[in-house]
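Starting from the known structure of chain A, fit chain B onto it as the hints suggest.
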Amino acid sequence: MTVRRKALEGIRVCDFTGQLAGAGATKWLAAFGADVIRIEDPVNQGAWDILRTMPPFVDQRRGPDFGGGFNNHNTEKRGITLNLRTARGKEILAALVARCDVVTENFAAGVLERLGFGYDALRRIRPDVVYVSNCGFGHTGPYAKFKTWGPIVQAVSGLTFTSGLPDMEPAGWGFSYMDHTGGFYMAMAVLLALLHRQRTGEGQWVDMACCDVGLTLHGPALLDYTVNGRPMRRPGQPNGNRSEWPRMAPHGIYRAAGDDEWVAIACRNDADWRACSTVIDEEWARAQRWADLGGRLAGQDELDAKLTAWCAVRAKSEVQRLLQAAGVPAAAVQKPDERIDHDPATAEFGLWPVAHHSKMGDVRVDGLPVRFSETPWSIERGAPCVGEHTEQVLTSLLGMSAAEVAELRQQGVV
Amino acid sequence: MSALAGIRVVELAHERGAFAGKLLADMGADVVVVEPPGGAAMRRHEPFVDDVPDPERSLTWWHYNTSKRGVVLDWRHPEGAAALRTLIGGADVFLEAEDPGELAACGCDDAALTGTLPRLVHVSLTPFGPTGARSTERATELTILAGGGPAWSCGYDDHDLPPIRGGGGHGYAIGCHYAVLSVLTALLHRELGGRGQRIDVSLHAAANVTTEVATYGWLVAQQTVQRQTGRHASATVSMPSQVRCRDGRHVSSGVPPRTPKEFASLLAWLRELGLESELPEAVFLDMGAARERIDLSKIGIDDEVTAIFAAGREALTFIASRVTAREFFLGGQRAGLAVGVIYSPEEAFEDPHFVARGMQVEVDQPQLGRKVRYPGPPYAFERTRWAITRPAPTLGQHGDDVLAEAGLDVARLRASGALG
Chain A
1 MTVRRKALEG
11 IRVCDFTGQL
21 AGAGATKWLA
31 AFGADVIRIE
41 DPVNQGAWDI
51 LRTMPPFVDQ
61 RRGPDFGGGF
71 NNHNTEKRGI
81 TLNLRTARGK
91 EILAALVARC
101 DVVTENFAAG
111 VLERLGFGYD
121 ALRRIRPDVV
131 YVSNCGFGHT
141 GPYAKFKTWG
151 PIVQAVSGLT
161 FTSGLPDMEP
171 AGWGFSYMDH
181 TGGFYMAMAV
191 LLALLHRQRT
201 GEGQWVDMAC
211 CDVGLTLHGP
221 ALLDYTVNGR
231 PMRRPGQPNG
241 NRSEWPRMAP
251 HGIYRAAGDD
261 EWVAIACRND
271 ADWRACSTVI
281 DEEWARAQRW
291 ADLGGRLAGQ
301 DELDAKLTAW
311 CAVRAKSEVQ
321 RLLQAAGVPA
331 AAVQKPDERI
341 DHDPATAEFG
351 LWPVAHHSKM
361 GDVRVDGLPV
371 RFSETPWSIE
381 RGAPCVGEHT
391 EQVLTSLLGM
401 SAAEVAELRQ
411 QGVV
Chain B
1001 MSALAGIRVV
1011 ELAHERGAFA
1021 GKLLADMGAD
1031 VVVVEPPGGA
1041 AMRRHEPFVD
1051 DVPDPERSLT
1061 WWHYNTSKRG
1071 VVLDWRHPEG
1081 AAALRTLIGG
1091 ADVFLEAEDP
1101 GELAACGCDD
1111 AALTGTLPRL
1121 VHVSLTPFGP
1131 TGARSTERAT
1141 ELTILAGGGP
1151 AWSCGYDDHD
1161 LPPIRGGGGH
1171 GYAIGCHYAV
1181 LSVLTALLHR
1191 ELGGRGQRID
1201 VSLHAAANVT
1211 TEVATYGWLV
1221 AQQTVQRQTG
1231 RHASATVSMP
1241 SQVRCRDGRH
1251 VSSGVPPRTP
1261 KEFASLLAWL
1271 RELGLESELP
1281 EAVFLDMGAA
1291 RERIDLSKIG
1301 IDDEVTAIFA
1311 AGREALTFIA
1321 SRVTAREFFL
1331 GGQRAGLAVG
1341 VIYSPEEAFE
1351 DPHFVARGMQ
1361 VEVDQPQLGR
1371 KVRYPGPPYA
1381 FERTRWAITR
1391 PAPTLGQHGD
1401 DVLAEAGLDV
1411 ARLRASGALG
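First to last, the sequence lines map onto chains A and B.
Going by the working numbering, the first sequence opens with residue 1, and the numbers climb by one from there.
Going by the working numbering, the second sequence opens with residue 1001, and the numbers climb by one from there.
So that you can see chain A by itself, here it is in the shape it has in the complex (with noise of 0.2 Å):
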């Protein structure tokens, strides 16, 4: 038996994803060695990602091959152009079909079907496909015709809401992580459908909709709901960074000295607030009102505002190195550059990989939050340009010959 060195070799994708929530699932597959590859339209310069065409950018140069978020995302996938319009698109497309394993689309509801490629299509050319297709309100219910983009998903989904202070208007998310978590579980979604054909051979369709996966994303906060009866929005909730499951006081995001600088401490329990109150050796700390959780959580205004006297005066590095050494979960609020550039532990993570682009040249991209011990992920080339591998995948993978994707391309098929 030959040693496998990647986990997902052999898994061909015909991928139509895009932006993140997308092209964030088949990235996961890419560099665990899954054959990506992305199909794009020739006459809009695969403009429907509009990442490709969007900061931030490594110089000065522009346009659907210069995009650093879709090359963030992208990495170790092929890309080849295809005009579906055309009925030689079309045949092309069913032939690709044909030797994938998984087909994934986060197009609007409906869109690949109107292209002639909706599930009954695909499983006739390949039964055994797995289709996955990840759409904000997915493809059935009142809402299946709604657009949405990340933010949107947050909004409707309930988790805009749980970020914010009391009596004002929601915090809301600074990004699409439901863009990054609709990925996660697309991918998820991929994995268990393979696994499932493994076992019994048959493919199927997973219909995915971002905004199902945040609404599952509150269990305990909508078990509190159908079972105790109390709804998040009432007065005082959201509560910022407080913590009331589990409850620990203090719990928070605290000024430190500088500007825009700031510290989350968590202590856990009792003995962390006596750790806590012993690294800060003043008199109030050592008060017997706060020597229980219920005192903490009684006076906990009062006890954050000291607390953040205490933070104001001092680097928040410091803060942090003061209470981890006393055990007292700490951390400073990292800017990106302190994260990513002077942070020992995504350094020695391998967190920032460098991939090559075709015309970008080394670019560091986001890597993979995980280390597997014999089939590690690996990130080494870049995001495809537009159709920088349409020669490669027609020849090698449909047997054409260079002379008629010549042809293809006069004909502005590909």
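Treat the hints as calculated values from the structure; they're not laboratory data.
All C-beta atoms, glycine included, are put in the ideal place defined by N, C-alpha and C.
A few of these clues could be false.
What the hints assert, rightly or not - In silico contact screen, one side only, chain B against chain A (beta carbon under 10 Å); selected entries:
| # | residue |
| --- | --- |
| 1 | R1044 |
| 2 | P1047 |
| 3 | T1116 |
| 4 | F1318 |
| 5 | G1340 |
Stated by the list, open to error - Think about it this way: if two alpha-carbon atoms lie no more than 30 Å apart in a straight line, the pair counts; the simulated DSSO-like pairs of lysine-lysine are:
| # | chain 1 | residue 1 | chain 2 | residue 2 |
| --- | --- | --- | --- | --- |
| 6 | B | K1371 | A | K147 |
| 7 | A | K306 | A | K335 |
| 8 | B | K1261 | A | K359 |
| 9 | A | K90 | A | K147 |
| 10 | A | K90 | A | K145 |
| 11 | A | K359 | A | K6 |
| 12 | A | K147 | B | K1261 |
Stated by the list, open to error - Pulled a few chain B residues facing chain A out of the computed Cβ check, cut under 10 Å:
| # | residue |
| --- | --- |
| 13 | V1237 |
| 14 | M1239 |
| 15 | S1241 |
Frame of chain A, contents of chain B only:
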């Protein structure tokens, strides 16, 4: 048929990893959660049924341990450690989130397992990985989000206010998502002819690569994003996108109209509401709708384009002031605009769309003698079954069964004190 039928998972109860176990169990894996005598710490987490603290009434425990079986075993006791090794010996996956070094005490650390169990997938979820400069630091869900990046991007325009992390335990959820992806990938590798393996998931690393542009903005262009109320943190200040409606609730107005079609839709919506005459800027919507195209790069340069673009935003804010948040959401979406109501979790749960998609499932809850509604499946499989097959285990509920199935002498274990 479920995708993970026949896959046996031994999980050491820990708040950091419980969600990963649930995700596997709801997909059909036989997950046995091993608790110490007295029960897992999570059983003492609020909220409790009727606010009565009791290890069998923690709703946090209930949620994160659905579909699992439960056994009590003191793995720090020599006989308990031996029993745990036996359980792991019969498992496909060992899922744990102990602090680095803790498992050496029971002989279940990496070296002990990989030597003897080549098919085992051992996933270890730790704050900073098993070794390294920060591996002994203490962490909670909050400190992970603070140190790992997400918190920096979240909060208000007013930077006198601290960064605000989203509530709901996401510091652990992110790591659990990566743990599940890892388990599934390793299982598939095994099914395709490979061996088992040891996998380390770092919560800190997981948070670091779950920050979208905050990270790649720095990696690519050394840009530092700044937090802004209700919208993406950004290296440049963007326009507010959260709007307050007539009922005092908020909506995300999304990206304002940019195309002639969107201006036409917005104007049609305004007319439908009978509000056109009250908004003087409506004339610019009409101009936007009538144009061939709208060149956004002319904003601030061409007066007409500037006025058209501003009118789109004005119209959305104006409509919001006259309708409820839900009306705004439905009206806007029907007009083809990607806008969203900011629901609280329970409002989302009760929305007809999610109900129609089966996002409420009922589970028999023996403690209450009735059914309880839980959140449903995060993905809709056509053939593979997702199900909450049983409520979270009561303390030691399946101990005798699980231990006997593994060929262990339950009476002897009990007498040794290894079962607490």
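Would you settle whether the hint for P1047/B is holds or violated, based on the nearest Cβ-Cβ distance to chain A being less than 10 Å? 4 Å, holds
For the pair supplied as a hint, K1371/B and K147/A, is the alpha-carbon distance within the 30 Å limit? It is violated: about 34 Å lies between the C-alpha atoms, which goes past 30 Å.
Measure nothing beyond the straight line between the CA atoms of K1261/B and K359/A; if it is 30 Å or shorter, mark the hint as holding. It is violated: about 36 Å lies between the C-alpha atoms, which goes past 30 Å.
Close enough to count: is the Cβ of M1239/B nearer than 10 Å to one in chain A? Because about 13 Å separates M1239/B from the closest Cβ in chain A, which is outside the 10 Å limit, the hint is violated.
Identify whether the interface hint at F1318/B stands, where standing means a beta carbon of chain A within less than 10 Å of its own. 18 Å, violated
30 Å limit on alpha-carbon distance, applied to hinted pair K147/A and K1261/B: 15 Å, holds
Given the hinted pair K306/A and K335/A, is their Cα-Cα distance within 30 Å? The given pair, whose Cα atoms are some 25 Å apart, holds under the 30 Å limit.
Restraint satisfaction for G1340/B [CB to CB of chain A, less than 10 Å]: 4 Å, holds
Going straight from one Cα to the other, do K359/A and K6/A come out at no more than 30 Å? Holds - the C-alpha atoms of K6/A and K359/A are around 27 Å apart, at most 30 Å.
Min Cβ distance, R1044/B to chain A: is it shorter than 10 Å? At about 7 Å, which falls below the 10 Å cut-off, the nearest Cβ of chain A leaves the hint on R1044/B intact, so it holds.
If you draw a straight line from the CA of K90/A to the CA of K147/A, is it 30 Å or shorter? Distance of about 26 Å is within 30 Å: holds.
Grab the minimum C-beta distance from T1116/B to chain A and call the hint holds if it beats 10 Å, violated otherwise. 15 Å, violated
Of the hints listed earlier, those the structure fails to meet are numbers 3, 4, 6, 8, 13 and 14, in rising order.
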